[in-house]
Amino acid sequence: MMRVSQLVFSVACMAHVPAAHAQIDAYAVKAAFLYKFGLFVEWPESAFSSPDSPVNLCIVGEDPFGKSLDAVVAGAQVNGRNVVVRRLQTVGRNPSCHILYAGGSEEQSKSQIIETVRGSNVLTVSDGRLSGADSGIINFVIADKRIRFDIDDEAAAQNKVVISSKLLNLALNVKRRTPKEER
Amino acid sequence: MHWLAELRIRTKLTLITVLICTIALLLASAIIITYDNYAYRTQKAEEISAQAGILAAGMIASLEFDDRKSAQEYLNPLATNPEIVAAAVYASNGSLFADYSRPGRKPPPSSAEPRGQRFEKNEFIVFWPVQQGQRQIGSVYLRASTEPVAIRITRYGGITLLTMIVSLLITLPIAMRLHYAIANPVYARSLIEASLDPLIIINPEGKITDVNEATIKMTGISRAELIGTDFSDYFTEPEKARTVYQQVFAQKSVTDYPLTIRHLDGKLTDVLYNASVYKDEHDNVLGVFAAARDVTVQKQAEQEIRQRTVELQAANRELEAFSYSVSHDLRAPLRSIDGFSQALLEDYAAKLDDQGKDYLQRIRAATQRMGHLIDDMLALARVTRAEMQYEVVDLSALAADVLSELQKNEPGRKIDWHIRPGLGVSGDIRLLRMVLVNLLGNAWKYTARQPQPRIEFDAQHNADGTLEFFVRDNGAGFDMTYADKLFGVFQRLHTAAEFPGTGVGLAIVQRIIHRHGGQVRGVGMPDQGATFYFTLPV
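In the order they appear, the protein sequences are chains A and B.
The numbers in the numbering used here rise by one with no breaks, and the one at position 100 of the first sequence is 100.
The numbers in the numbering used here rise by one with no breaks, and the one at position 316 of the second sequence is 316.
The hints are simulated quantities; they were obtained by calculation from the structure and are not laboratory data.
For every residue, glycine included, the Cβ atom is placed at its ideal position computed from N, Cα and C.
The reader is advised that the hints may include incorrect statements.
Said to hold, decoys possible - Taking CB as the label site, the calculated pair distances span: (1) Glu-107/A <-> Asn-93/B: 37 to 45 Å; (2) Gly-94/B <-> Gly-119/A: 40 to 48 Å; (3) Glu-46/B <-> Asp-25/A: 39 to 47 Å.
Start from the sequences, fold in the hints, and give me the full structure.
And the structure:
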């Protein structure tokens, strides 16, 4: 099932990005975005054990980025913190992840991953249009042959993650947080 | 600069005011323009740079996520600022990411430049980096129009010109009035004080309005005390002094009016007053400007001369009286010598040989000659002593009379003589006759050896207009080297053997002419004749 869906996604990507290597480039861009999202996000203090503990960028399940992500992250910093890539098969509640890319696997699907960490202080990122509430706080989409993203700010609020308006401005679609959720 | 020297002091001062005003304003304008330009540029640079900084901050996300559309959306609102003519965002590799330019304006460059800012043809250009932490992820470009310097200078020039005109309109009349107050008195005062003669300025009421230092010195009274008092108070004859300034007002001026100033300590100073009225610009008489010339020294000199003249005249008279009496007293013994010599010749002729008779003849000739000398001496003395009786004398008629007499005495001589008729003078006829007797007699005598003798009596006008009479002959003449001896007593240029005479005649002529207030001179050349000129009051 998962493989099929992945295949479907890949086909969909192929349809938009003409050349085969363009797909690899597209993942390189997404890898960079994944890291850069961190620049426009604020986590609560409690998300870090100490002031100099790193920002954990977790890839859960399938890893479509490979070495390109390690290249982007190498030496990079987010608000003075180092960035560490963690590749996990599955996650539980309150994982030690700050940015989480739901790659999904047979053991734990993308939706399950996102559902599992809902309420934890994690910026979830998903790829491809998942059904409704199953997508991450940020969800990669393709528009005008370019990689863009949607933001679910309400979900971010549930996870106590504050997304900069600069980033919100760039989102293709934003699901605004309900006023009640605001302080 | 020659023309500048000819200007009036007031005009000069006014010119200086205008010049200084202009220089000060121009300088101030130059400083203001320079400072304003500097301030304007600094402010403009800060403004546009700040805007570039804001723009750069807004571009971070767009660049990070390669979102040109949002970058464009950021740039477009710049249209609301009319100063911004172009703007652009460049990616980290320098390539154009998004751009904006006002219609008709040059678009931004296609690639980024390093961070920097500059003014270029009335435009301010700035490149500003877009930074994410330490990382430069792109750059922003802004170009803003600035007001051209020329327009600002023109505007300030206009303001300067207007300020200049307004300030000159206000200051010039004030300056001119002040200049009049300053320049006039200073210049006039320095002139008045420069005079060594006492200067006094009197108003029509005869009151003193101004004096100089010399006046203060001569009166011994201070300036403050002199001003306002009556001019006539300071003279030995106040009435006469009053007459002077009244005369000045009546006749506009008075010259060499003698007065005596009394010093506070009693010392008197004889002065000659020269005074004239002075007027204002409209020709109204304001008062009298009087200058006194101290003539004390001249007066003393005159006094001395007068006294010496009196003494000299007394001495002369004594001398003349002495020589008259001597001459007179010499005649008696001389007559005895001549008389007894004649008696010897007549009564003892038989007892004397020829040589003895010759000796006696010589004694007689010598005594007779001495007699003539004494007669002439007496004549000369009489000329000096005689009282003058003035009347109108026809010199032409007198000359004709004298020549006729000479002709009668020597009928054998044929002389060609010419007399200009109607030459009249005022003088003593007896003395003038002696002049002509001597001059014409000399001419008659010295032409004796001339085969064609000629004598002239005439008159001519000198270069200075005076009438000069002259007696001219073509006789023996004389050497001009000895001209100064001509009129000396007993001075002769010829021996008695050549021409008889005692050498007193011309001395008599000179004395008579001098007594008449005239002059006499002789001009001659040996064997070329002589001319004697004399002047007389007509």
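To see whether the hints hold, each was checked on the structure:
1. Between Glu-107/A and Asn-93/B the beta carbon distance is about 42 Å. The supplied range of 37 to 45 Å therefore holds.
2. Between Gly-94/B and Gly-119/A the Cβ separation comes to about 45 Å, which falls inside the hinted range of 40 to 48 Å.
3. Here the CB-CB span from Glu-46/B to Asp-25/A is close to 42 Å, well matched to the stated 39 to 47 Å.
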